[in-house]
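K.L.:
Work out the full structure, taking the sequences as your base and the hints as a guide.
Heads up: the first sequence at position 464 corresponds to 464 in the UniProt record's numbering, and the numbers run straight through without jumps.
Please note: incorrect hints may appear among the correct ones.
Restraint ranges, calculated between C-beta atoms of paired labels, are given here [unchecked claim]:
| id | residue 1 | residue 2 | range |
| --- | --- | --- | --- |
| 1 | 549 | 282 | 44 to 52 Å |
| 2 | 382 | 265 | 41 to 49 Å |
| 3 | 735 | 836 | 48 to 56 Å |
| 4 | 780 | 360 | 55 to 63 Å |
| 5 | 276 | 427 | 56 to 64 Å |
| 6 | 742 | 356 | 56 to 64 Å |
| 7 | 700 | 667 | 35 to 43 Å |
For the record, the hints were derived by calculation from the structure and aren't laboratory data.
For clarity, every value in this text was computed on a predicted model and none was experimentally measured.
Virtual Cβ for every residue (Gly too), placed ideally from N, Cα, C.
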Amino acid sequence: MSSSDSDDPGLTTITVKQLQTVPRPRFTQASDSDSDDEDQPLAQKILQKRKAAPILAPAKQPPSALASDSDSEDDKPLAQRSRPQPSKAVPKPLPARRASTTAAVAAIVAATSDSDSDDDVPLAQKVKAPPTKRPAQATAPKRKPAAHNDSSDSDSDVPLAKKVKSNSNTPAKKENGRVVSTPGKSTTTTSKAKITASTSKATATKTNGKVKVKAESKKSPGSDEMDEEEEGEEYKWWLEQNANDTIKWTTLAHNGVYFPPEYVPHKIPLVYDNKEIALHPEAEEIASYYAQMLETDHAKNPTFVRNFFKDFRAILNRVQPGHPITDFDKCNFTRMYDHFEKLREIKRNMSKEDKQKLKDEKDAIKSIYGFATLDGRKENLGNYNIEPPGLFRGRGDHPRTGCYKRRVRPEDITINIGPKAKVPPPPPGHRWKNVIHDNKVGWLAMWRENVNDQFKYVQFGATSSLKGQSDLKKFEKARNLKGCVDTIRRDYMAELRDKSMAIRQRATALYLIDKLALRAGNEKGEDEADTVGCCSLRYEHVTLQPPNILVFDFLGKDSVRYYNAVPVDDQVFKNIRIFKKPPKTEGEELFDRLTTTGLNNHLKSLMPGLSAKVFRTYNASHTLQEELKNTPANGTIQEKILAYNRANRRVAELCNHQRAVGKAFGTQMEKLQDRIRALKYQRQRMALQLAALDPKYKRKHPAFYTTEGGEEGEANLSPEWNLAHERDLTAKERVRIEAKFEKDNAERKARKEKPLGKADLQAKLNEAVTRKEKLLAKDKLPSVKEFPPLSERSGNLTERLASGIDKITDRIKNTLLQIEDKDENKTIALGTSKLNYNDPRITIAWSKKHGVPIEKSFTRTLRDKFKWAMDVVAK
DNA sequence: AGGCAGACTTGGAAAAATATTG
DNA sequence: CAATATTTTTCCAAGTCTGCCT
1 MSSSDSDDPG
11 LTTITVKQLQ
21 TVPRPRFTQA
31 SDSDSDDEDQ
41 PLAQKILQKR
51 KAAPILAPAK
61 QPPSALASDS
71 DSEDDKPLAQ
81 RSRPQPSKAV
91 PKPLPARRAS
101 TTAAVAAIVA
111 ATSDSDSDDD
121 VPLAQKVKAP
131 PTKRPAQATA
141 PKRKPAAHND
151 SSDSDSDVPL
161 AKKVKSNSNT
171 PAKKENGRVV
181 STPGKSTTTT
191 SKAKITASTS
201 KATATKTNGK
211 VKVKAESKKS
221 PGSDEMDEEE
231 EGEEYKWWLE
241 QNANDTIKWT
251 TLAHNGVYFP
261 PEYVPHKIPL
271 VYDNKEIALH
281 PEAEEIASYY
291 AQMLETDHAK
301 NPTFVRNFFK
311 DFRAILNRVQ
321 PGHPITDFDK
331 CNFTRMYDHF
341 EKLREIKRNM
351 SKEDKQKLKD
361 EKDAIKSIYG
371 FATLDGRKEN
381 LGNYNIEPPG
391 LFRGRGDHPR
401 TGCYKRRVRP
411 EDITINIGPK
421 AKVPPPPPGH
431 RWKNVIHDNK
441 VGWLAMWREN
451 VNDQFKYVQF
461 GATSSLKGQS
471 DLKKFEKARN
481 LKGCVDTIRR
491 DYMAELRDKS
501 MAIRQRATAL
511 YLIDKLALRA
521 GNEKGEDEAD
531 TVGCCSLRYE
541 HVTLQPPNIL
551 VFDFLGKDSV
561 RYYNAVPVDD
571 QVFKNIRIFK
581 KPPKTEGEEL
591 FDRLTTTGLN
601 NHLKSLMPGL
611 SAKVFRTYNA
621 SHTLQEELKN
631 TPANGTIQEK
641 ILAYNRANRR
651 VAELCNHQRA
661 VGKAFGTQME
671 KLQDRIRALK
681 YQRQRMALQL
691 AALDPKYKRK
701 HPAFYTTEGG
711 EEGEANLSPE
721 WNLAHERDLT
731 AKERVRIEAK
741 FEKDNAERKA
751 RKEKPLGKAD
761 LQAKLNEAVT
771 RKEKLLAKDK
781 LPSVKEFPPL
791 SERSGNLTER
801 LASGIDKITD
811 RIKNTLLQIE
821 DKDENKTIAL
831 GTSKLNYNDP
841 RITIAWSKKH
851 GVPIEKSFTR
861 TLRDKFKWAM
871 DVVAK
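P.N.:
Dropping the structure here:
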């Protein structure tokens, strides 16, 4: 540590001292005893050494840092390389669910929800089991407390529960800066901000913001691309020193949102108890959503089924009272399923023209709704389509998975738009819930979804300047962290033995977040899947394996399992033992004195803007940069790309980005193996032929003549396989000859020539395959002389065989590499880290340094998203 | 000091688009 | 050219984190 301290550029603003003076809360109960004594024996005061990472170039500086190879082993901060075992290998049941009771809450909710008068209540909710913490009642969108939004709320059906709870906060809430519905009128704050923003931006734009740029249209010939290539000027927002980022826009115009088409009934009955039951269109709709998922895992998930059926029955009860449907097991959805299968089939087989037409329609919609005008520039939107109704596909064991997600109506939607812009008209006969002009937010439309009562937004796309700016900001923050991470590490290492349990927990958690790239881990509700992050880890998620190994096993975001057995600092190990001390037991929080807010507040004091997730970004980018140093400087492009993917993979491993193994994985792998066998067989035959010409060759390359030995040799060839393979080849050869014969004859016919007769065909076959076939019928392989059939051609046969063998050897090596790559990638998803964690400047600089075209590592969208980085690195 | 609304980033799966192969 | 395999994009769920409001 000490050594590196001195190199610390002094970016840090907070010192250890300061931290130590933090007032310490008393220890909690039982844990008191241990603390100090436990620490004493700690001989190793030696904090894990971490040198100043050569990593991310300090902000400002071009990412040339890549070039300097000063890697010292211990500087790889990321534990992951020591991870003993990929998580995939350990499929395992999950820990018990948190023991907690919300009976009281549940009771209250149940009681209140009963009281509300039907009607608009989304049935989903109605039937729902009691344990809902928030009344998921969608219908109770917190109304914008705004002055005039009265007009909008048709929904007077706010459930009591909510009303009672929140009535007090209604007025004046979050009104700051938000202007509602009256163009031309705005609060003072807003308008002021607006003015400043607009002036500064305007000038900046004039000066350096606009630059000529060629539209990147090099795409293939008729490649559509619509003519969206905005000729001419492109806005380079990154050239501006942008001031205020709480103001997201000064002018904003758009065309609103696109609604999915109405449901069209198909009139296919549900088979219930072996009898057909015609469904009311509304009931049919939701039944259809389920039917379409019949073959998915969802349909086999009991929670999903239960939730779906509850909501389905609620609708049935409403629209066709007296229906007999009470038992899910008596429902047979296959008629509907078949219907949808048929539709899919039809769609698959649609003619090219029809497909094109469909696409054109989509593009037309996109051209209207897919863009917005932000400060006078046309920019891409992310999602302009309103989400269609369906069954909520909650992941993991989400308590509400399968619930009916109801159709979003214009009356649910709040539009955010510039005060001067024309408000897009709602569909005829409808109106918007509300129209606001809030330039402190970046969304264009918002609604609340009914299943979980969550906010949904229509926002700008990743390629927009708005998102680009915050992306850049994110990576800059990570670079800043680079400058002070040493100090921060030193500090938390010291705090690992702090007298205050709260501080100790904080330091321990931070250690884990830094070393293992864990997520912060906010608290979650009872009505969500039980997943955790660092701060919410529970007793059962970490086990101790002396002397210093912690075994993590928990479900993280999206219910992806995190399994990792990792050696940690002795004091960390000790601390975890303390935090797990009885009477603490399963179901209780490991860090019971720590919240994400508390942790982040502390981080803010160490570096402006620092929060837990910055460590993930920083460590990911750092890992990428370090791993890229393994790129073979003299390798081929192919090899370099492989190295890049490897580095990328390390990052994904660190971040635990996993994916489901594809259904066809096994088959695909087997295919590759077969390809290798075929190559080896070919090589062996050539080698035998060569040996006949040149006996010395065999002595030099004994591996080619045996099935012994490793991958390099002819291992995994067997006489049986060889025979089968040769039969296969021969059969294919025959087919090919026959096909060619037919074709030739057709051509002759076209030229009015006399077609060749059967005899000609037979002659050809005789020459090429008949003899082989006879041998094969007797389970014999054809002579090597017949393979390859190049003996009569010119040139030195020996040489040609030798070089042919070399070529095959190369191909084998390549395929082997491909297999390895595929296998390593089996459960690892690279996309997320590429998109969100790796500083694009690192990749771009690497690309330049190694002469690898950027298209090889960044897809078109990525290149678009990271335009700013390409431009910056270029300089 | 803790709870929650709100907004925005991150994440895996599925769909769509392309590339490869037979 | 059709059928498959692979890559890229879209979709929307599930996190993080800030700022208000008691």
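K.L.:
If you test the structure against every hint from before, which numbers come out violated?
P.N.:
1, 2, 5, 6
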